[in-house]
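Peer 1: One-letter residues, chain by chain:
4 protein chains.
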Amino acid sequence: MKQVKVGILGATSYTGVELVKLLRKHSCASVAFVTSQSYEGKRMSEVFPEMLGICDATLTSPEKALAIGADCVFSCMPHAVSATTCLPFITAGTRMVDLSADFRIRDLASYTAWYKVEHPCPQYVRSAVFGLPEHYRTQIATASIVANPGCYPTSIMLPLLPLLKNPGTLVAAIIADSKSGVSGAGRSLKLTSHYVEVNENFSAYSIGRKHRHLAEIDQELSAAAGRDIKITFTPHLVPATRGILSTVYFQTNRTAQECLDIVKKAYAAEPFVRVRGPDDLPCLKGVVHSNYCDITFAGGGDGQPVIAVSAIDNLVKGASGQALQNMNIMFGLDEQDGLR
Amino acid sequence: MKQVKVGILGATSYTGVELVKLLRKHSCASVAFVTSQSYEGKRMSEVFPEMLGICDATLTSPEKALAIGADCVFSCMPHAVSATTCLPFITAGTRMVDLSADFRIRDLASYTAWYKVEHPCPQYVRSAVFGLPEHYRTQIATASIVANPGCYPTSIMLPLLPLLKNPGTLVAAIIADSKSGVSGAGRSLKLTSHYVEVNENFSAYSIGRKHRHLAEIDQELSAAAGRDIKITFTPHLVPATRGILSTVYFQTNRTAQECLDIVKKAYAAEPFVRVRGPDDLPCLKGVVHSNYCDITFAGGGDGQPVIAVSAIDNLVKGASGQALQNMNIMFGLDEQDGLR
Amino acid sequence: MKQVKVGILGATSYTGVELVKLLRKHSCASVAFVTSQSYEGKRMSEVFPEMLGICDATLTSPEKALAIGADCVFSCMPHAVSATTCLPFITAGTRMVDLSADFRIRDLASYTAWYKVEHPCPQYVRSAVFGLPEHYRTQIATASIVANPGCYPTSIMLPLLPLLKNPGTLVAAIIADSKSGVSGAGRSLKLTSHYVEVNENFSAYSIGRKHRHLAEIDQELSAAAGRDIKITFTPHLVPATRGILSTVYFQTNRTAQECLDIVKKAYAAEPFVRVRGPDDLPCLKGVVHSNYCDITFAGGGDGQPVIAVSAIDNLVKGASGQALQNMNIMFGLDEQDGLR
Amino acid sequence: MKQVKVGILGATSYTGVELVKLLRKHSCASVAFVTSQSYEGKRMSEVFPEMLGICDATLTSPEKALAIGADCVFSCMPHAVSATTCLPFITAGTRMVDLSADFRIRDLASYTAWYKVEHPCPQYVRSAVFGLPEHYRTQIATASIVANPGCYPTSIMLPLLPLLKNPGTLVAAIIADSKSGVSGAGRSLKLTSHYVEVNENFSAYSIGRKHRHLAEIDQELSAAAGRDIKITFTPHLVPATRGILSTVYFQTNRTAQECLDIVKKAYAAEPFVRVRGPDDLPCLKGVVHSNYCDITFAGGGDGQPVIAVSAIDNLVKGASGQALQNMNIMFGLDEQDGLR
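From first to last, the protein sequence lines are chains A, B, C and D. Take the first sequence: its position 201, counting from 1, is numbered 212 in the numbering used here, and each next residue is one higher. Take the second sequence: its position 306, counting from 1, is numbered 317 in the numbering used here, and each next residue is one higher. Take the third sequence: its position 243, counting from 1, is numbered 254 in the numbering used here, and each next residue is one higher. Take the fourth sequence: its position 181, counting from 1, is numbered 192 in the numbering used here, and each next residue is one higher.
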């Protein structure tokens, strides 16, 4: 069987360690290196006690990792740092899945406007493929750089894209009210991730078109619709570790059932999208620790918006699981390998 | 000082015990009786261990309570049961605050449609006053029956009512995306309140104009606007004990700042509404265990909806605290007594 | 490859659904039937939304299951019900792993004293094997009935048994202070599992040699030591879904490091016991969703007790994972199949 | 009525803000200043959103606070920093309650051994009074410096001290297995207080006589018993915001009921100790947001240890509530003022 040698940059982030865990279950991928700025020289199992005996690999630097080499590199580093660190791998011809935002935004001015930094290697942006398998599978298969979508965007785009692409279906006034578990904020210490501040709390943030994920959401929805779309998006913090639930309101000429039928048909062959009945609402518990995106539609009628509800695990379908799905596609493997 | 003799029907519900706790801090109200169907004959402190030495009163039946009598009766019983049980107290001329929905809905057909039951004493519905002090203070002062608003409605109406009442302010396409802690579902056992099912979960329910609170929300918003309003409302369950946060989207001819100014002015003299700055978003932690409703406005511009965010403690401003505020108004007491 | 046809009785309990999930990852076991009293006729995925597309099998009755047949039956039913329901399978020669307490207690009088019921099929108790693979592997391999240990007992016995079996090591005055997540209390509705009662709470229960698990703990520790042992055991409820952490105090003639060495040596070849360093304390996060039991030793010296800390996932090594490990041993399969 | 002018040093710690909240309910104490190193110049309500309209005081420096002056200063600063910062207030004759460990340990060598620092003002240690009102009320009344006990020690000493002081009662082999909510770890950012690390986790720490609170526990228990006592103490972290539950095992010549009777008698007149029945076990939910310490006794017989279970709110009876109780005693006020 084909063997894929994998490297993980930024392996001590929550998405990094999730990727290591998923890769353990993969039938033909092996981890060649794991890197970390903060923990270089330590073992993965010293940083994450649950990894003892599972991944005791020593964390190395990106420089040393380059010498080791890999067939596929995953970057779990923050934006800008990611592209800069990956550049030598790209130059060396290594195929990569970037979990940061660096290669998601096609328009460099938009990237700079949202991320407040010049792109470190703009020459590679155009050739990068947006890694949403349900909509870019063919391009992902041959891509050198796959830009893994953001967690919120994945949960918002999956229910909407089939409708926006559907001729005769009008969609307008999109409002995405999203709720995320705290692991989405990462492992860096900050008061907004401090246990006592989050526990028994619930809050909105980046309200009013301030969240960076809007760049890719608008880009992809506009591309699908063939016209300029600017959604309303409010992220919220749920006192839970994992998961995103998005409640998406929109005006449409379709009933909720018609929306459901269109989306169900669009995803009929998809292994990781479950379109549920209108009385069988997606919830976090239904998807955490899996690569599923659960979707349904309700509401509508009498001038009311139709409401999509979607749920994913932010660390799996919203990050590392989708990254692995992308790798499987890139290397011609069973798309569900490591993700069942 | 004037003494108010208080009785609590359904005292072993979460709203009932919250009321008992609040009344302990009241300077001139004393609890004359507490009733319970399930725990009659037990002491409050046997049902709620935290009440030992605080409220050791023996739970009695509504029948025996009637003989004891009170200046003010609070009903924390479920709808229909509440009106039926309260009827003898009403007949006896006792003033009451009903925390159930029984006296909130002015239109009897609407009540029956939403609550699936004939009203037990329709003759008293018309004279009941909707107990939202910020908007019905004068009427509450002399009311015999005060219908304490629902928790979700309180969080949704408070930010919207001043705008709807404001001449020249247009408000349309209202969508309330609300998130509630689990105590809102009460103390009755059900799988949806079972720890393992709720913990690390987040879910929507009663989606698409199915939740009963729509009856009073539409009624009050329509009354304020002078036209028929039907909002979109999606309640969600937060894995936390207390609190409601509502994110309310609406189209308007005002900017977020103008909305904020209008609402701030409307509530300038209100002791329990805090209109916060647009960068100082309300959150559950800011209001739990208090009678405050925190409100702010953001978003808008460029065709985007303005977004109100409001937060309350569902058991305090959303139930027992507001009930006590109503009692204070009814009996000419300091409105903040017991609620500071 | 050998195929094992598996049946699950009581599949809608938390241990039942956990078993179904683990079996999905097994290379050669397939689920032939799932039974449920409460949900007969429904699909697993109607009861557990996360199972949609994963296990859509229809829940049947034990009677119908008997006609289907299986190589190995797992019982996830409550004690007494379990032995009664399993009897026809046993009679039919089906090998079984019983997750209830029915076949754990060798002394029938003790069983009746603790479980307040006559044993439904006492004739099978003697031949049943206590399913703690680390100490009964040989007997499990050929057993017809394997009595899967309780969750608390597994966490308490694993650190102690090698010491009690070690010649020259004295162990006395054992106190096990254990803390369990709420899934250990099962899926049946009760106030002590009601979200609002458990959340932000922490409590002891069955204090003072009142918990039924004492029967098997004393039995197994006494058997290992060759003398009568009665431990002190206090279970506590942690506001978390999964996991048990036991802090076990005992007087001994060994230092903590010597205890650690003895236990490390005893479990050197064990795939699912991780003996950690004394500064690398086991915690729930380190073991949940795995079949590991993490153990270390600290304290001692100057008359102080040595302290063992152990952690397991109550639903995996404490129940369904260990049951699957037992099945693997019984059928001569890779012991880690489905459990990696 | 006598007015007490109060100052709070380190007011943006969790104990500081809790003290501000408690003082709001006090009938005759007013806050003259609040200080903070990190937030000087900001308002309390900018740091803690819930304080808007409740405490909008501007945080100042200890130097400026000295000029303002107060009748009673509370220090919520870390050890060593506390004594150093308080020194000018002490010199100026201000009475103080120190919530840090600085004045708890009478033996300077022990202080230095446990806290790894020379005491900043050893000349004041001897005259300081250990602020456990139930055992030092008379001395507290006239003290200049009251050393407010630690949270764990309060929960462990209260059930044990009456037994140790009781002639004819033997107590030996004390093991305190304590469990604390996360607010006990303070507001400083650290990975062990990071939401994702704590949530759904449970862990032991400082195991084997390593926790600093042992210094004061051993000191006070030894003083009460008139002999040298060294207890075994294991702290654990509970995934909850507030509360400590201690399960304390000890050998004794008394039954559990006798222990209960002795302790009940000792605390008969105490407003903040509730000795509960042996079947009415203390739990966090019973005491959080109150100044109560709940206690009961169980176990014993047949060579088994007797088991005390005690529960407090770590931020109230374990810190700020007890500090306020001490102030009330120092200034001859109603001991329960602000704490009902």
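Bear in mind the hints are in silico, worked out from the structure with no lab data behind them. Among the hints, a few may not be true.
No copy is singled out in the list; a pair is fine if it fits within one copy or between any two copies.
[To be verified] As a list, the in silico SDA-like pairs of lysine to any residue whose alpha-carbon atoms are at most 20 angstroms apart: (1) LYS16 - SER155; (2) LYS276 - ALA124; (3) LYS276 - ALA235; (4) LYS276 - THR123; (5) LYS201 - GLU57; (6) LYS201 - GLN48; (7) LYS53 - ASP291; (8) LYS276 - TYR216; (9) LYS221 - ASP291.
Peer 1: Just pull the numbers of the violated hints for me, sorted ascending.
Peer 2: 2, 4, 8
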